[in-house]
Amino acid sequence: MTDRAVQASGVGKVFPTKTGEVVALTDVELDVAAGEFVSLIGPSGCGKSTLLRLIADLDQATSGTLEIFGKPAKRARIDQDYGIAFQQAGLLPWRTVGANIALPLELHGTGRADRVSRVAELAELVGLSDFVDRYPDQLSGGMQQRVAIARALAARPKLLLMDEPFGALDEMTRERLQSELTRIAAETSAAVVFVTHSIPEAVFLSDRVVVMSPRPGRITDVIETGLGDVRDEALRESPEFFDRVTAVREALHGTPVTRASES
Amino acid sequence: MTDAATTMLPAAPKPGGGAPRPAPGERELPGWLRWVAPVVVGILILAVWIFWVDVLGTAPRMLPSPIAIAEEFVRRFPIILDDMKITATNALIGLVVGSLLALLFAGLAAAAKPVDGMLAPLVSALAVIPIVAVTPILNTMFGASSQFGRQAVATIAAFIPVFVNVLRGLRQTRPVHRDVLRSSAASPWQTFRMLTLPTALPYLMTGLRIASSLAVIAALVAEYFGGPADGIGTAIATYAKSGRAALAWAYVLGGILIGLVFFLVTSLLERLATRRSPV
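Chains A and B, in that order, give the protein sequences. Just so we're aligned, residue 1 is where the first sequence starts under my numbering, counting upward by one. Just so we're aligned, residue 1 is where the second sequence starts under my numbering, counting upward by one.
Each hint should be verified, as a subset may be incorrect.
[What the hints assert, rightly or not] If you want a taste of the chain A side facing chain B, the calculated C-beta under 8 Å gives, among others:
1) Leu58
2) Gln60
3) Ile78
4) Gln88
5) Pro104
6) Ile199
[What the hints assert, rightly or not] With a Cα cut of at most 25 Å, we get these calculated SDA-like pairs of lysine to any residue:
7) A:Lys158 with A:Gln138
8) A:Lys74 with B:Arg182
9) A:Lys74 with A:Glu106
10) A:Lys74 with B:Phe192
11) A:Lys74 with A:Glu233
12) A:Lys18 with B:Gln190
13) A:Lys71 with B:Phe225
14) B:Lys241 with B:Val265
15) A:Lys71 with B:Leu195
16) A:Lys158 with B:Gly42
17) A:Lys158 with B:Lys241
18) A:Lys74 with A:Asp133
19) A:Lys158 with A:Ala234
20) A:Lys74 with B:Leu195
21) A:Lys74 with B:Val97
22) A:Lys74 with B:Phe225
23) A:Lys74 with A:Val22
24) A:Lys74 with B:Lys241
25) A:Lys74 with B:Ala120
Since the hints were derived computationally from the structure, they do not count as laboratory data. Cβ atoms here follow ideal geometry from the backbone N, Cα and C, with glycine treated the same way.
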């Protein structure tokens, strides 16, 4: 195993359509170190979700090389080197919370006793210990998303892929889950690739923010946040935080933003 | 092709289940009224019926009083029960065999496009012909003493709704669920067992509920076209012809009871299966 969680060089993706080929991604160069938190941000159609799906081997790149912990993406998927969470929680409605969390373990033949203890551990981690026997339709959207995160972590992956997991949640739930996610990422020391279209979310969570741009989808800028390991509520009010938010916003717009309400 | 057949059958299970939500401006009925109302309607109909037959005495001769029918039903219950067993057994065999065949073929059609292409016109053809129409042919083929013709008719009748619904259900998996299974490196068999099959289960149950009534109707009506001299349908035809109206109606009551039992059992199964419908 290398110390690179993700290594992409010259990665491109072309979708064939009836009216010709659509270039979704072109020439992506991206390294994610083990334990690093990287956000992909950009407007719709910039290929951020496509890039995540390539890393997860849910789609295949049409050019370039993509390695996860030094292996081809397909191998990494089969070896369960990553866990993934989507914008929709995607829980199986006929399974309890516990059985949903245990799904990846069950698929790989983990024994019942081990599953039960792992589920208890994960439910504790995401704060749902009292809900293990409930069904998904008895949970709020935020709780469902926590179950999805616990499921992604079930096989102890060293890489966590997240495709706008908080996109459908209200702002307060969202901020609480962001804080929890930074804690979980630190506790599990997993690398995270996080797709979002929220600038504050990307800055708050990440070590590096990868800014992408559409037509064709590509990486236009990478911003180090340098905000350190402690991500708490005080950080959201700090000048450094606003500074990085401005930097990401300017990178997204391509020009310095004029501050109309500067006081 | 199969979609055309689907539209002819009651809709697929609705998520959530339970009582339908009232339309805006329509108030939900209180719980007690929901079962009192049909009972009141039933009693009213019986009252009018009794008044017409027993008080006015102007009813046709083949329409006896419900009291006479009930008396006949109680008095002849042992022989009615014997005939009920015959018809119910034929319907049950048809329902079970037809459903198993439908499951098998729907699975094949969902797995392989060419199979779907081969089966679709056949199923459409089966769905549009009145199945009981072939009963005289089957009776002649398998002999007048065999129940096989009747069971075959019930089988074909049960096959169609189960096939159409299961095939539809097997195609209802959501993209996000497929992504979850794929990212967990599930094998095709695991994906089928843990995702495709549970997703299709409510559809199977809806198919079974529709098929249960059709199987009873088919088994009963098939008896009008010959075969052994037993079963509810045969008895109704015999006693209607010989003018024993009350006994004929008592047998009709027996037929209704069979249909009700089949319907209630499959409805219960359906309700259990749709308890956790997709979020």
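Check each numbered hint against the structure and report the violated ones by number, ascending. 2, 6, 7, 11, 12, 13, 14, 15, 16, 17, 18, 19, 21, 22, 24, 25
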